[in-house]
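Student: One letter stands for each residue in the lines below.
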Amino acid sequence: MDDLTMLRDLGHTLEHEPPPSLVRQRQRLLEGARPHRRLPRLMRGWALVGLAAVVTVAAIVVPTMIVHPRSAKTPVTDPAARPVEELNLLVLGVDRRRPQAFGKPGPDSARTDTMMLAHLPADRKKITVVALPRDLMVQIPSCKGLKGESIPTHLGLINSAFAEGGSSCTETTVESITGIRIDQVVEIEFDGLKRMVDALGGVEITLPKAVKDKAAGLDLPAGKHVVQGDQALAYVRTRHSLGDGSDLSRIERQQQFLSSMFKKATSELTDPARLYAFLRETSKAIKATPALDLQEMAGIAQSLAGVTSQDFRFVTVPWRPWQPDPNRVDLKQPAADKLFTSLGGTPPKKARKKAR
Amino acid sequence: MTVPTAALPRDSDLIADSRTEPEAFAVLFDRYSGMLYRYVSRRMGPEIAEDLVGETFLVAFAGRSGYDLSYADARPWLFGIITNLVSRHRRTEAAHYRALQRSPIEDVADSDDDRVAAGVTARAARPLLARALAGLPARDRNVLLLVAWSDLSYEEVAQALGVPIGTVRSRLNRARRKVRAVLGDSNPMREEN
Numbered sequence: 001m002d003d004l005t006m007l008r009d010l011g012h013t014l015e016h017e018p019p020p021s022l023v024r025q026r027q028r029l030l031e032g033a034r035p036h037r038r039l040p041r042l043m044r045g046w047a048l049v050g051l052a053a054v055v056t057v058a059a060i061v062v063p064t065m066i067v068h069p070r071s072a073k074t075p076v077t078d079p080a081a082r083p084v085e086e087l088n089l090l091v092l093g094v095d096r097r098r099p100q101a102f103g104k105p106g107p108d109s110a111r112t113d114t115m116m117l118a119h120l121p122a123d124r125k126k127i128t129v130v131a132l133p134r135d136l137m138v139q140i141p142s143c144k145g146l147k148g149e150s151i152p153t154h155l156g157l158i159n160s161a162f163a164e165g166g167s168s169c170t171e172t173t174v175e176s177i178t179g180i181r182i183d184q185v186v187e188i189e190f191d192g193l194k195r196m197v198d199a200l201g202g203v204e205i206t207l208p209k210a211v212k213d214k215a216a217g218l219d220l221p222a223g224k225h226v227v228q229g230d231q232a233l234a235y236v237r238t239r240h241s242l243g244d245g246s247d248l249s250r251i252e253r254q255q256q257f258l259s260s261m262f263k264k265a266t267s268e269l270t271d272p273a274r275l276y277a278f279l280r281e282t283s284k285a286i287k288a289t290p291a292l293d294l295q296e297m298a299g300i301a302q303s304l305a306g307v308t309s310q311d312f313r314f315v316t317v318p319w320r321p322w323q324p325d326p327n328r329v330d331l332k333q334p335a336a337d338k339l340f341t342s343l344g345g346t347p348p349k350k351a352r353k354k355a356r
Numbered sequence: 001m002t003v004p005t006a007a008l009p010r011d012s013d014l015i016a017d018s019r020t021e022p023e024a025f026a027v028l029f030d031r032y033s034g035m036l037y038r039y040v041s042r043r044m045g046p047e048i049a050e051d052l053v054g055e056t057f058l059v060a061f062a063g064r065s066g067y068d069l070s071y072a073d074a075r076p077w078l079f080g081i082i083t084n085l086v087s088r089h090r091r092t093e094a095a096h097y098r099a100l101q102r103s104p105i106e107d108v109a110d111s112d113d114d115r116v117a118a119g120v121t122a123r124a125a126r127p128l129l130a131r132a133l134a135g136l137p138a139r140d141r142n143v144l145l146l147v148a149w150s151d152l153s154y155e156e157v158a159q160a161l162g163v164p165i166g167t168v169r170s171r172l173n174r175a176r177r178k179v180r181a182v183l184g185d186s187n188p189m190r191e192e193n
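Top line first, the protein sequences correspond to chains A and B.
Per the UniProt record's numbering, the very first residue in the first sequence carries number 1; after that it's consecutive.
Per the UniProt record's numbering, the very first residue in the second sequence carries number 1; after that it's consecutive.
Chain B with its partners taken away, still in its complex shape:
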């Protein structure tokens, strides 16, 4: 999302303002609620997404005095909060992935049902990917999905999760290896070494 930034206050300015003028925080909501909604609707489904977004901003608002104003961009902070909230709903997320594994592949009219590795479309791979995601430890899944489904850089993912960037890289590698193993287009044994 590209926004002309010249005239707009930075996120950190808004957070600073909101300490004396709470209404300023609503601008952050206007900026990022859609983005967070889209992200969390992917992980949890739309039913609970709205509430989680609302919760995220309440948590952020309550913690605004602790925000380090040297970070101009608040997105890593907000993604960090929503990731924590998602982990409180682990069972909902698991159920979401289970449903995806079962869900019929609706529009594969052109499918001749040979699932050769190279021919696997994302839609056809859906149940496999869902199974892979469900099988990941939460901390690896958090890294993988922030990298794949948000616009955050590795450094920002590290900031969001409060871990060193090296940890982001190693968790990402481990998660991707497992996903590939489930997809079956590579030999997991060979990948391990």
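Just chain A, same shape as in the assembly:
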């Protein structure tokens, strides 16, 4: 027998088939990051969700930070006047604006980029934010489609619920798998960050080198700059003209940008008028169902007084590769139900078993 043939035979006996868990490496690629422990606490597990997460965190955390005890004198709603209750928010990061290179935004281009369930217990001591991966396969209950047609129950990707039936269908879907009653759905668009930065009167950034990136709309010399909305968005979005082009460096940049934004917010928004202006812009950037008025937003922010970013717990829902297609995932039981139960939900165990 030829030596190469023998070697090939040996190769066949040594070969292993790729296990379903290889999908984790795909996830790792999409996260574009090294292991999570290298990431700052706030962003741990969040690499995947990218810019939408930045906007989301900004929307939840920034109002929280600015209504910190130090600025508690701001005349927002009197917390005593309103009993503080448990609150579950479903936060959807919606990308309606596709990048220019990929055609003009059309009515069908809206998609959820990020889906998160924020659980605020009545004592507001520990805020848990559960990220739901967009490749999660779930039973989508019957919903009304965007054109009014009725869509029967079916197995599908969790983010297809939004494409098919908008935020209400997404809400029903998440409620049915978690058994958690959702009080509020908050949709946040990419534009949101821009508006918030403008309302803050700009945010300071430091550029290690001059940047001239026509595509991103950035043309700035090296050094410190106060950037306004459009530039801020370009700064956090660009991959190529800054850093090493990896997602990790972009995430670091976004994180720095966020902390710079916090700094600005906490130092500038001591003036009630400006705080209100900021909240007003934030409220334009988000679409809440049922609608949240400014008073209510300020109320939520107020109820979170004293909560710092350290009190947030960011987790991803326990998942495992989905058997029929390892590039998709499904809930890992019993861990997922355990998590939902710990957040006050009653996951429909029997129903799910039947569905399988």
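It should be emphasised that the hints constitute simulated quantities derived from the structure, not laboratory data.
Values in this document were obtained by computation on a predicted structure and should not be read as measured data.
It is possible that part of the hints are untrue.
[To be verified] Derived Cβ-Cβ restraints for the label pairs, each shown as a range:
id: 1; chain 1: B; residue 1: G66; chain 2: A; residue 2: L146; range: 53 to 63 Å
id: 2; chain 1: A; residue 1: P19; chain 2: B; residue 2: E23; range: 17 to 27 Å
id: 3; chain 1: B; residue 1: A62; chain 2: A; residue 2: E204; range: 27 to 37 Å
id: 4; chain 1: A; residue 1: A335; chain 2: B; residue 2: T20; range: 55 to 65 Å
id: 5; chain 1: A; residue 1: T289; chain 2: B; residue 2: R10; range: 35 to 45 Å
id: 6; chain 1: A; residue 1: E204; chain 2: B; residue 2: T20; range: 23 to 33 Å
id: 7; chain 1: A; residue 1: T346; chain 2: B; residue 2: D51; range: 33 to 43 Å
[Said to hold, decoys possible] To give an idea of the interface, some chain A residues facing chain B are shown, with a C-beta separation under 7 Å as derived from the structure:
id: 8; residue: L22
id: 9; residue: V186
id: 10; residue: G201
id: 11; residue: K224
[As the list claims (entries may be wrong)] Listed next, the in silico EDC-like pairs over lysine to aspartate or glutamate satisfying Cα-Cα at most 20 Å (straight line):
id: 12; chain 1: A; residue 1: K194; chain 2: A; residue 2: E281
id: 13; chain 1: A; residue 1: K147; chain 2: A; residue 2: E171
id: 14; chain 1: A; residue 1: K214; chain 2: B; residue 2: D17
id: 15; chain 1: A; residue 1: K214; chain 2: B; residue 2: E155
id: 16; chain 1: A; residue 1: K125; chain 2: A; residue 2: E175
id: 17; chain 1: A; residue 1: K287; chain 2: A; residue 2: D183
All residues carry an ideal CB built from backbone N, CA and C; glycine is no exception.
Start from chain A and add chain B according to the hints.
Tutor: Just chain B now, with coordinates in the frame of chain A:
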């Protein structure tokens, strides 16, 4: 692996797209992660293979802006990257071959234990081949195993390793000579000249 290519974007198109739309890179993962996994599981065993495949795509992703788009097929590039990563784990690979040398030959029921050259089955030759592989210099082993265990042509192996095709041929010849010598079915002294 034959895939109808008419409707599918070429690897180079995906890499070009991924420069503006990083998610496009995941399609390359879907195409080639299995192939790379199988290859590296042969060299390193399954325990570390998964991680190495993941690492390969991270390295490739970080280097995607430097990819020469005139090469439509990304396989040589990916095999080149994983080969570099394998060489960082030389001790794991060596241990893998050592284990193979020791591993009992499980199902040789029909063996009457006479190892005449022509009768040597691949399974029976396993410890010998493992010993031969372990004894090769890394650069020769890389060429030999890419030729034997991947579907790459000589030219693609050259591209993967960044060496001229003549070098691939000479390293392959040298490696095969040594393997044959260990297998003992030819006289190494005669082969040398």
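Student: Hints first: check each against the structure and report whether it holds.
Tutor: Quick rundown of the hints versus the structure:
1. B:G66 with A:L146: 53 to 63 Å: violated, 43 Å
2. A:P19 with B:E23: 17 to 27 Å: holds, 23 Å
3. B:A62 with A:E204: 27 to 37 Å: holds, 29 Å
4. A:A335 with B:T20: 55 to 65 Å: violated, 37 Å
5. A:T289 with B:R10: 35 to 45 Å: holds, 44 Å
6. A:E204 with B:T20: 23 to 33 Å: Given range 23 to 33 Å: holds, Cβ gap about 28 Å.
7. A:T346 with B:D51: 33 to 43 Å: holds, 38 Å
8. L22: holds, 6 Å
9. V186: Not OK, violated: A:V186 not within 7 Å of chain B, min 24 Å.
10. G201: Given a least distance of 31 Å, the restraint on A:G201 is violated.
11. K224: Since the shortest Cβ distance to chain B is 28 Å, the answer is violated.
12. A:K194 with A:E281: holds, 10 Å
13. A:K147 with A:E171: holds, 18 Å
14. A:K214 with B:D17: holds, 18 Å
15. A:K214 with B:E155: violated, 40 Å
16. A:K125 with A:E175: Distance of about 23 Å is beyond 20 Å: violated.
17. A:K287 with A:D183: Since the Cα atoms of A:K287 and A:D183 sit roughly 14 Å apart, the hinted pair holds (cutoff 20 Å).
Checked against the numbered hints given earlier, this structure breaks hints 1, 4, 9, 10, 11, 15, 16; the rest are met.
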